[in-house]
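Student: Sequence:
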Amino acid sequence: MKKKKAAALILITIFFIFSPYCSTNVNSQSTDSCNININFNDVVPFDTTTLNCKSVWQPQGVWSFLLSDPDSNSCIAIGFSKNGLMVGSSAMVGWMQDGSGNIKQYYLGGENVNAAKPDQGDLMVVSNSSVAFRQSGRIYLAFQLSTYQPSTNLIYAVGPMVSYKYTLKVHH
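Going by our numbering, the first residue of the sequence shown is number 1, and it counts up by one from there.
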C-alpha cells in the first residue's frame, strides 16, 4: 500500500513549508524565506518544487526541513527539544569542509563539548535524505524526518566548524 508523503520545509526564519497535499494556503511573511524562489532539486535529494510556505505545524508522516544561514564558514544546527532546553535534545548539524557538505545527528547530553554525541539522538532521519551545501552565499542543511509530528520546541545554533572526531565547539 502506498502512503502519501507530505513534505514540510523549514528555513532559518522558522517558517514552515508544506506540500499542497496538506494545504493550499500560502503565508508569505518574510522576504528571507517565504518570498524567495526555492529550487534546490539539483542538490537536495527530495522534490522541493511543490512546496509552499506556511507558519504552522500539521501532523503528517514525513517532514522535510531546509535550514539556511549566511555562509560564514561555520556550522549550523537545528535541535528538537522535548522540554525547550538544549540538554537532552537531538539536533541535526551541517557544515562545509574542503568543498564538501557534512551533516550529522547529535544527541545533546550536556552543556560541555564532550556531551554532544555524533551519530546519536532520537530523530528518525529518512535514509539518503540529508545534505549540507552552499549556494548563493548561504549554507543550507536539508533532511527529512519520519514522525507524526516533530517537537515544536526548536533550537537553532551557529558555531565554529566541527572539529576532530566530529566534536562540536562552543556556539551561539
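Keep in mind that the hints are not guaranteed to be accurate.
[What the hints assert, rightly or not] Calculated lysine-lysine pairs in the DSBU-like style (CA-CA distance at most 30 Å, straight line):
#, residue 1, residue 2
1, LYS117, LYS82
2, LYS117, LYS165
3, LYS82, LYS165
[Said to hold, decoys possible] Simulated DEER-style distance windows between Cβ atoms:
#, residue 1, residue 2, range
4, SER163, ASP71, 12 to 20 Å
5, ASP71, LEU154, 19 to 27 Å
6, THR50, GLY84, 31 to 39 Å
Simulated from the structure, these hints should not be mistaken for laboratory data.
Idealized CB from N, CA, C, for every residue including glycine.
Student: Give a verdict on every hint.
Tutor: Comparing the hints with the structure gives:
Pair hint LYS117 plus LYS82 holds up; C-alpha atoms about 18 Å apart against a cutoff of 30 Å. Straight-line distance between C-alpha atoms of LYS117 and LYS165 comes to about 10 Å, which keeps the hinted pair within the 30 Å bound. For the given pair, LYS82 sits about 27 Å from LYS165 by alpha-carbon distance, which is consistent with the 30 Å threshold. At about 19 Å, the CB distance of SER163 to ASP71 agrees with the hint of 12 to 20 Å.
Between ASP71 and LEU154 the beta carbon distance is about 21 Å. The supplied range of 19 to 27 Å therefore holds. Evaluation of the 31 to 39 Å hint for THR50 and GLY84 yields a pass: the beta carbon distance comes to about 32 Å.
In summary, the structure agrees with every hint in the numbered list given earlier.
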